[in-house]
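Trainee: Using the hints provided, position chains E, Z and G with the ligands relative to the given structure of chain F.
Protein chains in written order, with the numbering used here: chain F, 1 to 423; chain E, 1 to 423; chain Z, 1 to 142; chain G, 1 to 142.
To be clear, the hints were calculated from the coordinates, so they are not data collected in a lab.
This one's a predicted model, so the numbers in the text were calculated from it and none came from an experiment.
Each residue gets a CB set at the ideal place from its N, CA and C atoms; glycine is no exception.
It is possible that some hints are incorrect.
[What the hints assert, rightly or not] Straight-line distance between alpha carbons at most 30 Å, and here's what the computed DSSO-like set of lysine-lysine pairs gives: (1) Lys-92/F to Lys-379/E; (2) Lys-92/F to Lys-375/E; (3) Lys-379/E to Lys-26/G; (4) Lys-48/E to Lys-334/F; (5) Lys-334/E to Lys-48/F; (6) Lys-48/F to Lys-331/E; (7) Lys-113/E to Lys-90/F; (8) Lys-50/Z to Lys-117/Z; (9) Lys-284/E to Lys-375/E; (10) Lys-26/G to Lys-48/G; (11) Lys-26/Z to Lys-375/F; (12) Lys-379/F to Lys-26/Z; (13) Lys-284/E to Lys-79/G; (14) Lys-26/G to Lys-375/E; (15) Lys-113/F to Lys-379/F; (16) Lys-334/E to Lys-26/G; (17) Lys-334/F to Lys-50/Z; (18) Lys-113/E to Lys-113/F; (19) Lys-331/E to Lys-117/G; (20) Lys-117/G to Lys-26/G; (21) Lys-379/E to Lys-48/G; (22) Lys-331/F to Lys-117/Z; (23) Lys-92/E to Lys-92/F.
[Unchecked claim] Derived DEER-like restraints, expressed as beta-carbon distance ranges: (24) Glu-61/F to Gly-100/G: 18 to 24 Å; (25) Glu-85/Z to Arg-190/E: 43 to 49 Å; (26) Asp-3/G to Ser-62/F: 23 to 29 Å; (27) Pro-102/Z to Glu-28/F: 14 to 20 Å; (28) Asn-9/Z to Arg-220/E: 29 to 35 Å; (29) Asp-162/F to Gly-23/Z: 51 to 57 Å; (30) Arg-406/F to Arg-220/E: 45 to 51 Å; (31) Arg-217/E to Pro-102/Z: 14 to 20 Å; (32) Glu-109/F to Thr-4/G: 46 to 52 Å; (33) Asp-24/Z to Thr-362/F: 54 to 60 Å.
[Unchecked claim] Computed list of chain E residues with no C-beta within reach of chain G, every gap over 12 Å: (34) Leu-131; (35) Arg-165; (36) Gly-275; (37) Leu-277; (38) Ser-330; (39) Lys-334; (40) Lys-379.
Below, each chain spelled out in residue letters.
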Amino acid sequence: MRNVYLDHQSATPLLPEAFEAMRPFFTEYFGNASSLHQHGLRVRDALKTARQHQAALIHAESEEEIFFTSDGTESANLAIKGVAYANERKGKHLVVSATEHPSVMNSVEFLEKQGWTCTRVPVDSQGFLSLDALRGALTPQTVLVAVHHVNHDIGTIQPVADVGRICTEAGIPLYVDCEASAGWLPVDVRAMGASLVSYSPHRFYGPKGVGVLYRHRRARLVSILHGGVQEGGRRAGTENIPAIVGAGVAAEVAARELDGRASHVAGLQQRLWQGLLQRIPYIKLNGPVPGPGRAPNNINISTEFIEGEGQLLLCDLNGIAVASGSSCVSKSLKISHVLAAIGLDHALAQGNLILTLGKDNTETDVDYVIETFAKIVGKLRGMSPMWDEFERGVIDSVIAPRGIGRSFSEHAAAVSGKPAHGS
Amino acid sequence: MRNVYLDHQSATPLLPEAFEAMRPFFTEYFGNASSLHQHGLRVRDALKTARQHQAALIHAESEEEIFFTSDGTESANLAIKGVAYANERKGKHLVVSATEHPSVMNSVEFLEKQGWTCTRVPVDSQGFLSLDALRGALTPQTVLVAVHHVNHDIGTIQPVADVGRICTEAGIPLYVDCEASAGWLPVDVRAMGASLVSYSPHRFYGPKGVGVLYRHRRARLVSILHGGVQEGGRRAGTENIPAIVGAGVAAEVAARELDGRASHVAGLQQRLWQGLLQRIPYIKLNGPVPGPGRAPNNINISTEFIEGEGQLLLCDLNGIAVASGSSCVSKSLKISHVLAAIGLDHALAQGNLILTLGKDNTETDVDYVIETFAKIVGKLRGMSPMWDEFERGVIDSVIAPRGIGRSFSEHAAAVSGKPAHGS
Amino acid sequence: MSDTYTLYNSTVMDHFMNPRNMGDLKDADGVGEVGAAACGDIMKISLKIKGGRIEDARFKTFGCGSAIASSSMATELIKGRTIEEAMNFSNQEVVEALGGLPPVKIHCSVLAEEALKAALEDYVKRNPESAAPVAKPEPVSA
Amino acid sequence: MSDTYTLYNSTVMDHFMNPRNMGDLKDADGVGEVGAAACGDIMKISLKIKGGRIEDARFKTFGCGSAIASSSMATELIKGRTIEEAMNFSNQEVVEALGGLPPVKIHCSVLAEEALKAALEDYVKRNPESAAPVAKPEPVSA
Ligand SMILES: Cc1ncc(COP(=O)(O)O)c(C=O)c1O
Ligand SMILES: Cc1ncc(COP(=O)(O)O)c(C=O)c1O
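For reference, chain F alone in the conformation it holds in the complex (with noise of 0.2 Å):
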């Protein structure tokens, strides 16, 4: 059996030289960086050599402007947090897009018991925010606006240059969250106009433990882990130095083949939807089209009629790890909030499934993704009985209507005797 692995979005495998780099800071340069001592020293030599990495990445001013977290969700809260605290003196008002990650979301919703308000910015069918929404959203008392550059479910990139501007008008510090674009897209912070950005290298092959926040000089910030000095006052806690001098080498690979990745990714996705759009009826494209409004690593796909987990589960038992969308993947039992923003028909998102490619990724992957899913969706769809009231024609199709039966979300609620969430 074939085993292709789509679901970078979720992990990478780490770079053999960056793990390579990683080796003697276990054993042998173990030291705390803040030791005074030889083995202390040492690894804070290593320290902001992996800081200049991620600052060269995103073209950072200065290596000074680089905090080290332990992931993602921890720069998230950082970001958001540590500058709503800060600036508490000055307003309690965020602005946030509808589509932002759990961890800028529910970093907001802790803020908002603690008495901030916040304005989440709506975003069209294809997930990109309105600027003109996010205009109209600041207040005089808005200390923060956090988008994100790449949605992580859908793929859309955000117009972050053109928040960047009008955050830089209203004089608003702007927080852009490019974990799903860092390693993948070029990220400028200063094209972005952007005062904090956040991301995760274990998204572009570098190891877990480790995230990092950029913060500019000027943009105030303050600590939310409370202990220590390290991390020039702002992230207490020893540092995870493997991990940051292996993410300092991610960095350092990733900024020199990002457009070779890019393009590559790319083509496989343009291949990838292709295939799967004349292989299979019924099946949609969530989220921009492949192009400069979508990154390249990305498919978001709602096969109809059937659901989401099922579709993964024989995916895997395939050799094609692939994550979904679907409510019953979630321990929530809640679809992605991304699928409910842009105004997906429940139905759909419960077919939903998020494919993305990687640098190891071939065209023989993908024609055998094609293949492999289209049989799988022909079993789903035998044992569905929507596939099979659609074709006696109780049912209609969201994605390719004919005008014949009530919608599936009409059906679902008549038989649930309730209707279904999120519609």
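Mentor: Only chains E, Z and G with the ligands this time, still in chain F's reference frame:
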């Protein structure tokens, strides 16, 4: 030149077997534990085993009581803030000992800014907290008591079981920071009567990048890093699987070798302190005498008439890695708050050195340290105006007063024009 | 599947991958289709009933792996049972026969129970005479 | 020291490890001892002055590596200077001659300046006649 690492309180080298266990999780089993495919499911198994190892080390009832964070600092922040926020409606008062680690102290200070109040229970001259003062500090609004097991600076072993009984009687959850004890002394969360316990495996030959928080299943705790539903919803963010796996192995080995390690370092501790005491005049041990009241791996000394950073640097140049609580080694130019809390004379705090032993240290190491340190003291005293003034009877010794001359602190205040801080 | 990691235990995986009784019954005597409000799954069970006993059962499911496995197992379990026995069927039986389901997936087994009962109700509606022994106790106990 | 990592640059480390002019001067003409309130360091400088010129200088320091290096460098720098020149001595010269100090350690060089000036003041106090050319400008500018 001999190399003697005596700073195990700051960092320990990773166990080779822990490294071997981690290795496949970097490039081969690199999946995200949240993924539902092979790559994710495989690491879930590893995560569970790693949790069991931690649960076994501290005698937790179930591995479901173990939560992984990024380090000891984050665990302390989560324990303090997570319990405070969870019980906000019940009361906003905390009780902590005066010699907690900065990760606890500064978390509490942060909460104080948000409207909580906190009582800091004083300690005696050896660092033992006063049980009566603790009992007296409890109010109906108290929602958490925080007392560390072993002090990170002076090795004092707190009477946590007694504290646990007081807390159990009062129905108040107890949080015990075991960062300086786990892996070196037996930790039994149930015998301690602790609702929360934290520690960091990088302190006992595990990897950096992972902290542990034990939470009794009935203790209320909310998340402080918001995002996904990892770690039972109590710690969002992609799990650092390799580090968690390595930490599991370190815990397993520590549990097995605990007694051997403890008695090994206890022997060296005696030899080291007796050697120093015999070889160097005007030297003082801070914290309890080696024995049941003191962690077996810690020696904290004050050498009179000379300052700590110089001692540390000369030790390092002679291959000996140590730490110091002197103000000159801290970025804030403050002496260790622990030394201040035990009422140590400022002059002695300035001459402070912290030596922490490890499993690989030998008697030859210890003898080398004693001889070398005696020479270092000689060199620095030769440079010190205070030693000269002591010899000429201008000032007196704090450690062994002769009743001749004024005190060091009086002298320092006279020449600096202001009283030395801390006194 | 020895070195394959699975989300569900091997019984659940087996029923997901090789579902029993999948399909529709031509000339079914009772058909029930129900949906789970919680997650949007939909399940349909068709029954062939003869002499007060379930002769055959089929399912079709729109839902996750455990929903498919639950309906497969439910149809296996109820074949051969009397209407009365089937009316007392509980999702717990499905969970046990499957060797357990993750807590968040228990509702899938409930859906299977509901689909079965909807099919039985459909049968009773079509065959009111059969209802007597089954439905009678209800008004009494109500 | 090629593969040794150091907290301070090599000049500072050299002055810490091999301090110049360490000790006391028998029959010093001026002695100054000062302390830093910030961190508790104490520095003592002794001067031998002849014909209005610093002939020799010695230091003793209770303090960190950079305090020792600062006093070592300061005594090196001021040897041969006139009292007037020495009165204009600034800590900045020490920092530069040492090739820089970490920001948190700049106060060590200030302490060296203060110790030197205290020693000069002591000399002036003992030799009021020498004060004329030195102290005079002060009241004027004050
Ligand atoms: C856009 C975005 N932001 C933040 C995060 C959180 O990062 P991490 O998983 O490193 O904690 C993710 C994770 O997938 C993400 O996709
Ligand atoms: C007692 C104590 N608690 C907490 C911490 C913080 O742990 P970490 O360095 O893993 O963040 C330390 C660190 O030295 C400690 O000694």
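Trainee: If a hint holds in the structure, say so; if it doesn't, say that too.
Mentor: So, going through the hints one by one against the coordinates:
| no. | hint | verdict |
| --- | --- | --- |
| 1 | Lys-92/F to Lys-379/E | 58 Å, violated |
| 2 | Lys-92/F to Lys-375/E | 59 Å, violated |
| 3 | Lys-379/E to Lys-26/G | 20 Å, holds |
| 4 | Lys-48/E to Lys-334/F | 25 Å, holds |
| 5 | Lys-334/E to Lys-48/F | 25 Å, holds |
| 6 | Lys-48/F to Lys-331/E | 18 Å, holds |
| 7 | Lys-113/E to Lys-90/F | 17 Å, holds |
| 8 | Lys-50/Z to Lys-117/Z | 17 Å, holds |
| 9 | Lys-284/E to Lys-375/E | 17 Å, holds |
| 10 | Lys-26/G to Lys-48/G | 9 Å, holds |
| 11 | Lys-26/Z to Lys-375/F | 26 Å, holds |
| 12 | Lys-379/F to Lys-26/Z | 20 Å, holds |
| 13 | Lys-284/E to Lys-79/G | 39 Å, violated |
| 14 | Lys-26/G to Lys-375/E | 26 Å, holds |
| 15 | Lys-113/F to Lys-379/F | 47 Å, violated |
| 16 | Lys-334/E to Lys-26/G | 36 Å, violated |
| 17 | Lys-334/F to Lys-50/Z | 41 Å, violated |
| 18 | Lys-113/E to Lys-113/F | 16 Å, holds |
| 19 | Lys-331/E to Lys-117/G | 28 Å, holds |
| 20 | Lys-117/G to Lys-26/G | 19 Å, holds |
| 21 | Lys-379/E to Lys-48/G | 24 Å, holds |
| 22 | Lys-331/F to Lys-117/Z | 28 Å, holds |
| 23 | Lys-92/E to Lys-92/F | 23 Å, holds |
| 24 | Glu-61/F to Gly-100/G: 18 to 24 Å | 22 Å, holds |
| 25 | Glu-85/Z to Arg-190/E: 43 to 49 Å | 48 Å, holds |
| 26 | Asp-3/G to Ser-62/F: 23 to 29 Å | 28 Å, holds |
| 27 | Pro-102/Z to Glu-28/F: 14 to 20 Å | 43 Å, violated |
| 28 | Asn-9/Z to Arg-220/E: 29 to 35 Å | 32 Å, holds |
| 29 | Asp-162/F to Gly-23/Z: 51 to 57 Å | 54 Å, holds |
| 30 | Arg-406/F to Arg-220/E: 45 to 51 Å | 47 Å, holds |
| 31 | Arg-217/E to Pro-102/Z: 14 to 20 Å | 19 Å, holds |
| 32 | Glu-109/F to Thr-4/G: 46 to 52 Å | 51 Å, holds |
| 33 | Asp-24/Z to Thr-362/F: 54 to 60 Å | 41 Å, violated |
| 34 | Leu-131 | 34 Å, holds |
| 35 | Arg-165 | 41 Å, holds |
| 36 | Gly-275 | 25 Å, holds |
| 37 | Leu-277 | 22 Å, holds |
| 38 | Ser-330 | 9 Å, violated |
| 39 | Lys-334 | 9 Å, violated |
| 40 | Lys-379 | 10 Å, violated |
In summary, the numbered hints that this structure violates are 1, 2, 13, 15, 16, 17, 27, 33, 38, 39, 40.
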